[in-house]
Structures are given as C-alpha cells and as structure tokens.
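Colleague: Listed here are the chains, written in short residue letters.
There are 4 protein chains.
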Amino acid sequence: MKLASGLNLAEHTHGRHFLHIPGPTNVPDRILRAMSLPTIDHRGPGFRRLGLKVLEGLRAVFRCEGPVIVYPASGTGAWEAALVNTLAPGETVLMAETGHFAGLWAGLAGRIGLAPRVLPGDWRHGADPVAIEAALRDDRAHAIQAVCVVHNETSTGVTTDVPAIRRAIDAAGHPALLMVDTVSGLGSLEYRHDEWGVDVSIAASQKGLMLPPGLGLNALSEKALARSRSARATLPRAFWDWSPIIAANAQGSWPSTPATNLLYGLAEALDMLFEQGLDEVVERHHRHGEATRAAVRAWGLPLNCAGSARASDVVTAVVVPPNDAGDADALRRLALERFDLSLGTGLGRLAGGVFRIGHVGDLNDLSLLGALAGVEMSLDSLGVPHQSGGVQAAMSVLAR
Amino acid sequence: MKLASGLNLAEHTHGRHFLHIPGPTNVPDRILRAMSLPTIDHRGPGFRRLGLKVLEGLRAVFRCEGPVIVYPASGTGAWEAALVNTLAPGETVLMAETGHFAGLWAGLAGRIGLAPRVLPGDWRHGADPVAIEAALRDDRAHAIQAVCVVHNETSTGVTTDVPAIRRAIDAAGHPALLMVDTVSGLGSLEYRHDEWGVDVSIAASQKGLMLPPGLGLNALSEKALARSRSARATLPRAFWDWSPIIAANAQGSWPSTPATNLLYGLAEALDMLFEQGLDEVVERHHRHGEATRAAVRAWGLPLNCAGSARASDVVTAVVVPPNDAGDADALRRLALERFDLSLGTGLGRLAGGVFRIGHVGDLNDLSLLGALAGVEMSLDSLGVPHQSGGVQAAMSVLAR
Amino acid sequence: MKLASGLNLAEHTHGRHFLHIPGPTNVPDRILRAMSLPTIDHRGPGFRRLGLKVLEGLRAVFRCEGPVIVYPASGTGAWEAALVNTLAPGETVLMAETGHFAGLWAGLAGRIGLAPRVLPGDWRHGADPVAIEAALRDDRAHAIQAVCVVHNETSTGVTTDVPAIRRAIDAAGHPALLMVDTVSGLGSLEYRHDEWGVDVSIAASQKGLMLPPGLGLNALSEKALARSRSARATLPRAFWDWSPIIAANAQGSWPSTPATNLLYGLAEALDMLFEQGLDEVVERHHRHGEATRAAVRAWGLPLNCAGSARASDVVTAVVVPPNDAGDADALRRLALERFDLSLGTGLGRLAGGVFRIGHVGDLNDLSLLGALAGVEMSLDSLGVPHQSGGVQAAMSVLAR
Amino acid sequence: MKLASGLNLAEHTHGRHFLHIPGPTNVPDRILRAMSLPTIDHRGPGFRRLGLKVLEGLRAVFRCEGPVIVYPASGTGAWEAALVNTLAPGETVLMAETGHFAGLWAGLAGRIGLAPRVLPGDWRHGADPVAIEAALRDDRAHAIQAVCVVHNETSTGVTTDVPAIRRAIDAAGHPALLMVDTVSGLGSLEYRHDEWGVDVSIAASQKGLMLPPGLGLNALSEKALARSRSARATLPRAFWDWSPIIAANAQGSWPSTPATNLLYGLAEALDMLFEQGLDEVVERHHRHGEATRAAVRAWGLPLNCAGSARASDVVTAVVVPPNDAGDADALRRLALERFDLSLGTGLGRLAGGVFRIGHVGDLNDLSLLGALAGVEMSLDSLGVPHQSGGVQAAMSVLAR
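Residue numbers (this note's numbering), protein chains in the order written: chain A, 1 to 400; chain B, 401 to 800; chain C, 801 to 1200; chain D, 1201 to 1600.
So here's chain A without its partners, still in its complex pose (with noise of 0.2 Å):
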C-alpha cells in the first residue's frame, strides 16, 4: 500500500501548472475524480446506462441527430475514420490547407490510399470558400467525394467559416460529402452539425471536451451513412468500421472493449457543459479570445490571424518578429522554466516565428490572466521588443 512510485513531470515544486497550450487541455477537477471511479464490468447494465448518456449526450453537444461514434483513439484516428467508411481507394478529396493540422489530415488521406487535392493556403485564413466552389464547379465528373476543412486551425488560431463551405459546395450543384475537423471547436466554438449540413464531424476528447486525449469522435448524416453502408465505400476498415459500433450502441455497449474511465470522464464533462449551457460556454470562449487579443495587440506583436473576423476564441497565434533577444520557442523555455506556464509551440512552417496562447476548456478570468502575466514578464525577461500594458488592456476587457 504506497501512495505512489514518484512520478515526477516537472521541476516546479508549488503551485499549479498553467497549462495554456491549445489543447490537451486543463481536466477538471470533477472529470478527474468521475475518472477514478472503478472500473466496470462493459457488458454489464451499469455500464449500458453510461453508454446511452454519453451518447445522447454527445448528440446534443454536436447539436446533430443522427449516431455519433466513439473510438478509444486520438483524433488522427477520427480523420481516419471518417474517411475510410465513406470512400474508396484512388478516389480525390478536396482539402483546405488552412494550417498545420490541415496539412497532417491530407498527408493521412494520401497514406491510406485516397487522393487529395490541396487548395494551398497561407496559414492566415480559413478554408475559402469562393474557392472551394470554383473548385467544385471545375469538378463536372464529380471526381471529388469530399470537401474536408477544418473548423478551428490550432496550429494558427484562425477559424473556417463552414456554413460558408457548405453554402459553396451547394451553390456549385456539387454531390461531395462535406467533412469537418472540430477537434479544436467542438464544446468551445459554436458547431451545429445538422443545421450546417456537415456530413461527418471529427473531434477529440481533449480540447473543448475537457478531458485527457484518448477519445476520437466522429457525427455522422445521414448521407454519410448511407455512402458507408453503400458498395461504393471500399476502404478496408474494420477497427474503424461504423456499423458494428451503431448496432452495439443501440444498447449502449461497444464491439470492442471501450475506454471505460475517459468514458466516466466523458459523462461528467458532459453535464459541465449542460450546466454551463453550450451558448454560455462559447460566449465564455468568447470574452477569453477578445481579452487575448486585447493583450496581444497592447504589446505591439502581430496576430498569426489575418484580420479579426475568423480569429479563434480557442487558441491565439502570436507572432514573435525577428529580434536579437530570442525566438517564440526561446519564449516559451522561459515561460515554462521560470513561470510554469506551458505555452503552444509554432508548428510546421510556424515553427519559431509564433508561439499559441490556448484559452480553451475549463479556465477562467483570473487564470487566463495569470497566463497572460506570464507571457508579459516572459516578453520582458527576454527581453523581446515589446510594449508593457497587455495583462492591463485584457483586464479592460474582462471587467466590462
């Protein structure tokens, strides 16, 4: 009977972690504790009652109708499966590169034996949506089968507007399923799955969701499922496959053994956010990414973001010019080191210019703040040109 072997994950002796990475994010302490229930019997009835309410439930938050699937994965794994059920070998999908993780959904598309066509992107913007329907109009065979964007780019804080996307793909007459990667807007950003006609939405248990990652969802329409169940969807699957989890979800079991305690985890994050009220959450979100911005532009550096329209309220790209003091990855060693602070790193082509400020899942005012605190005594140790007065415009915002 040991309380433990002494893992160790950090230097820092007191205090908490300030976790501001754009996901995975901080876990609650409530998801925490539903986590350490013991683990039951998966077939047995206790465990049918938890899988019907995380179901349902998952339903309400992707405001969708029809199934929506839980696999015991990351969200790569949900883009895989999304697009081995609906498609075949050789066949093109249309895809937005509209950051990093854009990139990574294309490169999987490729590996698994379909075809992407990339509309290149400058990292900047969301999925265009004038192009996307030029793009479509040009397809008059049809070769295309999907038009894949993602909701929310974590890797540049900038946003799709995907209604828009679906208002192109209709105005251009086009037959492609529509698939959108929410994995950083689902439980944060507004998504309406049904309304917006999206035919399978991906996301991932670690942003919005509050939980630890381990958890990969897609929501399917109902024309995705038909196309699954049709004998055009020739993709080899079978750990991925639809079908067997929607019969077994019926009574609230899983083929396979599920990931019991994520899924304790997922009812209890669940009836946060009901609590909260989803409007409420993304209203939060909200003032969180408009306190961000605040801050940011009160120090002088630029946003990744071009334009505020699309900027997330999720995570904020900041650039760091070129200086003598340091890179954005110089930056957040610093921040990391002397405040605790995890900050997101620059990926890809970002990599060194821009580092991300997440303000996503369970935080509040006085956090965030804190957070931005430490960015601003980072940009000052450093000693990257800055102006002082960011934690001070982001308070303007909040205590409006």
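Hints are computed from structural coordinates only; laboratory data are not their basis.
Keep in mind the model is a prediction, meaning the values are calculated, not measured.
Accuracy of the hints is not assured; some may be wrong.
Which bits of chain A does chain B cover? Going by a derived footprint, with three or more residues having C-beta under 8 Å, they are [what the hints assert, rightly or not]: (1) 43–54; (2) 238–249; (3) 256–267.
For each residue, glycine too, the CB sits at the ideal point set by N, CA and C.
Based on these hints, arrange chains B, C and D on the given structure of chain A.
Modeller: Relative to chain A, chains B, C and D alone:
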C-alpha cells in the same frame, strides 16, 4: 465548484465492487492517482521523460529489445495494427481458432482485405502446434505470411504454448511471421517476446497491466520491422503506421496526441510490476489459478479447459451443465445483484453454458476468496446442482 | 508537479488491504473523493450551506432534535467536552466499567477534576441496569451528577442496553444526566438519542460514519444544554464550550476554524447513510455480526461476549485459548504479514488473549467473507487449535 | 457505486477557485492524493513508521530538538493546550493585543481560569518589546507566568519580532515562559523555536503547512516541559495533556485515535517543504509579499500595517477608505461572485474597513497575479477610488 453530477454506475450502495471479469481488471488506487495528475504539454520536456520511461519499461515487460508501439486504442486496434504494418491485400494468414477472440481476430483480418485460413478448434484447447506445422509443411509456395495465435484465450480459459508454435514453424522451415495476441497474458503469465521468437506481440492496457482500457500495444521483432519497411507491406495505413511512431518515440514523443493520463497510469503500473518482480507476478497468478480451479473441482462443476496443463492462470471458464435452476447467465445476474460480484459471461458458442471467473491483475488472496465465496453462495441461492466446499478447497491451496 | 514522495504504508504490493479493526474503518471512495474537494473560505456562503447540511444530517443520524456539536477532535475530546460543559470540579459521575474504553473515560474524568465512581464489570457484559439503579437509589443526596455508559464497547464486542439504563435512572427517580458513548455505535447500531432519553451522546467520525478520524461529536438534550448554561457547570472550558459553537452553527459556521475537508466527507457520508436508509444500515451490520459469530462458533473458539443477546454487530472479540502455537497477537501479525488483513488487538486486560474482527462501516458480504477466510487461514497457518468450516458457516448465514 | 451525491460548494461552474484568504490555504493535489490513501490500523507497524516520520519532520520545520505535539484539533485547541499544560488557575499571563487573534487567545485564557493582562495595541504593529520589558520589570513578584505573542497576526498583516521579545524578557531578567502563536507563520515565514528561545510554539495545519484544517501543534522547550511535569501546572487537563502523548510518540503512536489521513497529508507536506527547502519557501513568500504590497501601493490604497519593516509576507490587509461605492465586504462579495476569488474579511474592529489578500502556502507567481488582477478588476467594477496599475507593479517585482 461541485463534487460531481451524480454519475451512478451500480445499485450497490456500500462496500467495494468485486470485479472478477477477465478484464478490464481492478485498477489499483496507485494507478488511479497517477492518472489524476494534471494533463501536461505532450511536446514538453516532462512528457519526454515520461515517454522514454514507459517505452523502456514496456520492453522489460515484453522481454524484448526492439520497439514497442503504444496506441491510444484497444486491443482490437492493436490486432489491426499488427496486420496492416506487415502484410499486403489478399495475403493468407493462418489463424488458430482457439476461442471467441481468436475468431474475432480472424474476422478482422478478413475485413481489412486479408485471406485468413482458420484452423478450427474445440474452444477447449490452445493452438495445436502439430496442426500448424502440418499446415505450414503443406504450404510449399509459402502463401501463408503469418501464423496468428492467442496466448491466453480469454473466452475459454485456455493458453497456447507459444514456444511450441515457434518450434512448429521452425520445424516446417516456413518463413511466416509469428503473431501472438497476449492481450490477457502480458503482465500476468510468463511471456518472452524475444526468446520465444515472436514477430509481433499484441497487448492492451486493461488486463495484467492493471490500467483502464484505452491503450493497444505492439512489440516487434527485427523481422517484423523489416517487413513493415519493405515494399511488400502494401495494406494502407496511417494511424497505425509504426514508422512515424518509432521515429518520434526516439525522443519520447508521439506523432499524434498520445493518451497522456493513461500513460501516467502506465508509468505507475510498470513501477508496480517491477517492485513486485515479474516472476513473482507470474507466480501469484499461478497460485490464484490453482486456488480457483480447486474451488471449481470441489463444486463438481466441469472446467471448460480440457486437461490442466494449459489452464489459464488469468481466467477460469466454468461450465454450468443444463439444469432446472438457471444457466450461467442467470448465475451471473444473481451474483451481481445479490453480491456485487461481476463474473465474465460466456461468449459466442459458450454463451449461457459457461461463466468466467477472472483472477488477473491487482487482487490478493482474500479478495479472490471473497469472489469465490460469492460464486458459491450464488450457486447455492440459484439452486444450481453443486457440492459445497469450493472456498474451503481454495483456502487449502492458499494457506499452504 | 510530482505525483508524490513515495509514502509507503505497508509492505503488500498488490490488492487491497483488508482493514477489519473496529475503527478507523474503510473510508469509501465516495468520501475520499468528497474530501479531495478544494478547501474553501470557511466564512463564505458555500461553506455555510455545507455547515447547515451536515448539522441537519447529524440530527437525523442521532435521531435528535437538539444541537449536535462537531469538534475537530477525536472521540476522546468529545468525552471531555461532554463532561466539562455540564459538570463542576469534584462532582461525582457514575461510570460502568464495561471494558477498556469505559475505563479510559473514567480515567479522563478523574484527570479533569471529577470524582468517577466506577461500577466494576467483567468486560464480557454491557452496563448493568440493576447495579446502576441500586447505586442511584443509594445516592439519596444526589451526589451523582451523571451516569456514563458505553453503548458499544469496542474493546469487548459487547453492547449496553441504553433504554434499560434510562429506565433504571427513572426507576430510581434520580436527576443524574445520562451520558452515552456511542463512538462505535452511531451509524451502525440502532441509536435514538431523544427517544432513549440520553442527555449527552458522544460519537466520532471514524466508525459507522465511515470517515477518517478527526471529528468528535456531542448530541445534547435540553436538560444537558440547560445545565451547561447554568451556574453549576463550573469546570473551565473554552475550546470545548458548546455555547459559542451553537451560536455560530445557527448560520452554518463555527467560532474557530472547522475541519473543512472532513466536513466535506461528512456531508457525503450522511448522504450515503440516507441513501441506504438507517434501518437498512443497522440490519446490514446485524447480518454481518451474525455471520461473523457463526464463523467463530464453527471454529470452536470462545466469544468474549457472554451470551449472545448483547453481542456487538460492529466488532467480534474472539478468545484465543492458551496454546503452544501462539497467542492472539501472533495470529494478528501473521494475518497482516501473510494476508494483508488488519485485525484489532486485545486491549488492556484482554491483551494477548483476544483478537477483534471489525465488521463496521463500508463493507459487504464478500469482503467480510474474505476477511473471515483470512482469519481461518491464519489460524491454520499458525497452528492454533480450531475446527475448519468458519467461512462455510458464515456463507450459510449470508446466503439465506 | 456512485460517484458522489452532488455536493456543491459554489456557483462557479468552470475554472479553479482562487482561494486567497490567509488560511485555510490551497491544498496541493499531492497532499490531497496522500490524504486519499486508505485509512490503516493506527496501532500497526505501517502507522508507526508514519508517526515517527511526521514527528521528525515537524521538529525540522519548527527548528527544535524537543517534542512536537500533534492534536486532532484546530489552532484554538493548540492555544488551550499550551496554557493548560503549564499553568495554574488564576495565574497571570501577559498578552500583547496585536489584533483579532491575539484578542481571542486572551479571551480563551480568561475562560479557562487564567488572568490575562493585555497590553493594548493599535492593530497596526507587532508586539512591542519595549512595553513587554517594562511590564516584566514592573512585575517584581514574578506574578506573570507567561508572555504570549502572535508571530504573524493574520487579522492585521503584521508580524512580531520574536527574537526581540525574547531579548526583552531576558533583559528584564524575568522567568516567564515565552509562548508564540505561529499558526500562520510556520512553513511560510522564518521561524526558529530553539534559537529564538521560545517555550511553547503554537501552530496549525491549514496555513503554511498546506493541509486542510484539523491539526493543532505545540512545540516545547525543556523549560516548558519541566513546568508541565511540575506540581505547579494544576489546570485540569486530559485530552490536551502532553505527557501521555510524548510517551506514546516515542513509538510513533498516539494515546487516542490520531487523525490518520491528515497525518498522511502532513507527511507529504513535509516532503514538499524539504524538497523546496525551508529557506526557499521563506524567500518565495517574501517575493509574493513584496509583489502584493507593490500592487496595493500602486492602487493608492493604504496598507493596514504601519511601516513596512514588519509587514507580513503571508497576508496583506488593505484599507478601503470610506467611499460611496462600497466597503471592503462589498468588494469581497463582488470578487467572489464575479471572479471566483475569495479574499479575507476584516475581523473585529477592522470589519468593513479592511480586506485581506492571502499569499500563503501553495501558490506561484501566476496565480498570485491572477488574484491581484481579480482585486484590481473588482475595485474597478465596484467603483472604489483607486489608481490602476497594481498588477503591472506586481509584475515588475516578480519579473526581476
């Protein structure tokens, strides 16, 4: 700041649940506590230390020198991973049908485009090395690319003699890969990936590793790794692809978001196994297997396992002969409702006729005896014909 | 951010400890989770709600209408509190010496300046109403200010018939206060403060209330309260003084810092008791008492309790007759080292000759049977002369 | 098997509560995890190891060689214990009225039968060594048995120079005992029981020791111990009696049931303090005190502490001058409701005019800045006249 929303998993209001299904197993409090550590940046220095630690520990548990792959997935996913990394569409795999899970694996192989050739079995024996050797000798063209066996067939309570299978392949001079599902064997039964000449071992978190479900594992031989890197391994793969994982693992990281908190738990689980000593863990499971079988024999109920040489020390499948009082599932229901004891159900062709007593993972003599007392009282209450004295017989074994 | 420093409380590395001392008892995970809520401002509105809730719940458990006092203290402190609030230096208290704890209470009374008159007992019976009535009748001058009895004598496994003591006092027409130590009776045995005419009930957190030690309780009658407010109660008191506590409790607060997290646990414990139903809790303890006594009788070992009418359903004290193999403490050591089972030691004059099996608080049939199996195997291993079949006998009781 | 009954301590649904009262303080997760270990037999070998460990660690924190007494009680209880172990009814104690808590202690002394002689103070200074020396010189008959001072007066944010008090007593050549309440100083401010010549130090668990409330502490000099063992110490005592506790502590046990799970937490807390280093802990609190005072000065609000030499690094009492917007309590309410920030209330004569910012225990730079931001935004929202820039000023201190 609320404790919780009132998640209620069972009707019993006092005392601890006795979870005696053969997995998921009881998660020790030490592991639950480790899993409740705050989620950290999976790209930061603390996480890298964690990653390297668990990967090194897993090699010690598999007793292998080569890479071990950790997926945020279930054992089913790890089955799929073993196949898609090494094989090509349409290739033949020889699969020994030792029980329900062996059958599911064969089904999965078929669904992802392989041609499983199934050696039928009676679900009361392990995989037959004689039959495997004969099949391989017959396969002069070496169409068979892999021999797939289940080390501990969770549905039947029977183990396979893995070294004997290796010798059978060698005796036949056949180049097929040897793939072994040790999902419910690793961390409880003796297992030696390298010494036994296994090419891909498949395991999962929720059995002898004492974690909740959510991690799937592959351990690789050089031969398996070379095959996966060759042009021959043409099954499409992305999420399951070993290569980017092995590359990232060298620095203790993963290419996509790993299941952070389950990895915390894994680090703790590995420490617990090493503190006890792997040999002692095996010996403990053996004592508990012996005690359980002594109880079943005293009850006068047939063991599903034919003979005792290959009886599993992880799970005991007990036959409930046809009788007027109730079948195996009626017994299980009564045990759950009356004594808060979860027993494993009969799967597939054993449904109704067999129940399974799990004795794997974190338990001790007194909790096993409590569970056996629950079975004996349930037999009594339901009126299933049996002799009393099972607990007494088990006590005699354990008091030695 | 470290998991822990490696606190190690026992040598056993796997499975759960079987804590079968008669308190502290097993703390259910629900209560441990409640206790892990963040400490809050004990002068804030959330705390006041908590305070009012636990005070109301405690009245329901004591079955009283008057105030219940909660001290951050042990049961020993609650003994002292009962006396110093109501009595004056040099006053006589009549104390029935039913066992070790009754004796300790009498000693404490002496040390704080009272004159305890002890009715001697054989430690195998409860307090004797006949002797008490006789003593009170003899006390024509009404020198005796209080009659003090222990409801459930934890050291002997014998209960006192509290209503009979009340009737004895009334029959003698004596004005003495009735003080009852129900430290190990509350929340497990039937207890009715008001209906039984008790003036001060003394209890603590670590028995039937299923909490860790750290809270001492007093429940008061109007008569006791009036006495404490009268000029007669001249023993010095400050920390223990009921008055400021009762005044502050009206708003759900305390005059000095209360034991916040233990109160969280108490709120949860009360909910658990009410969910089960107090009557059902009493009945469950009775079944477990019966099963334990059946086991002891089957072993052929004497019960310390004379007769069965007043045998405690909370703890069974078992006599180990002199023998060559080892005494009661040798048996306890073996049970702990070999089976991770904690049994209660013999206290005072019972040291070495008696061990005690606790069956109080959060346990269920199977954990009790596991514990009894541990006792039986320990008797066997040590070689203490006994009959086998104790567990079997207990199963017969529980399977009914 | 239920998660919990829904205990709800506050209205805020997301993010962490900012607890900035000067105790109880934030309990670190490491300590909460330690407290969730299963309760064990307090008479068994594992518990003895624990007992010896915490007693040794406490001596290191008090920096004393003699006994430290641990009560399951609050600091109020530890006050009473210090007095009843050493003094006799009617004896005089000299008490410096530095604030609310010093006053409560004097009141308690009176209620247990002592004659407190109170040196009045303005609640803005620590105890005055000059006045104490004068009083002692006047006391030629040595009627004064003890000098009682509060090291860190939690209600005023002012510390007393304990070595100066010792020098004053020595200069007067007076034999009185020196008793020091360091309830909110131990584990955060420098404290040296032996070197400073303190006879009885009084402390508690819920401040710098980072535990929930529930433990009261006494550290003893040889002189105090000798007095307690002499015939002079005639105040009645039992629960508080040092002697049986010291005797039992030699074997790591206690005469009555100790607060097991709080002791687990204490073992962990001591490890945390030693990992950080006591000097570093003091230095950290000093930086946080400096930063907080810089913020208050920037706001243009008066500090309650007169001068800065004795300002507390544990708590800052801030004066809210009379104004139309609202008093200190209105500010506290707004901070709690709007920003989930708990601030300390003004106590006694400071009620309404002062609020207190706690900066003690387990916090770090960013959480302190979050709290200060909450104060500044609350001042702003309520409309209390002040300058902005407090957080900025604190950041300047912390970024150095």
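Colleague: So, against the hints stated earlier in the document, which numbers end up violated here?
Modeller: none
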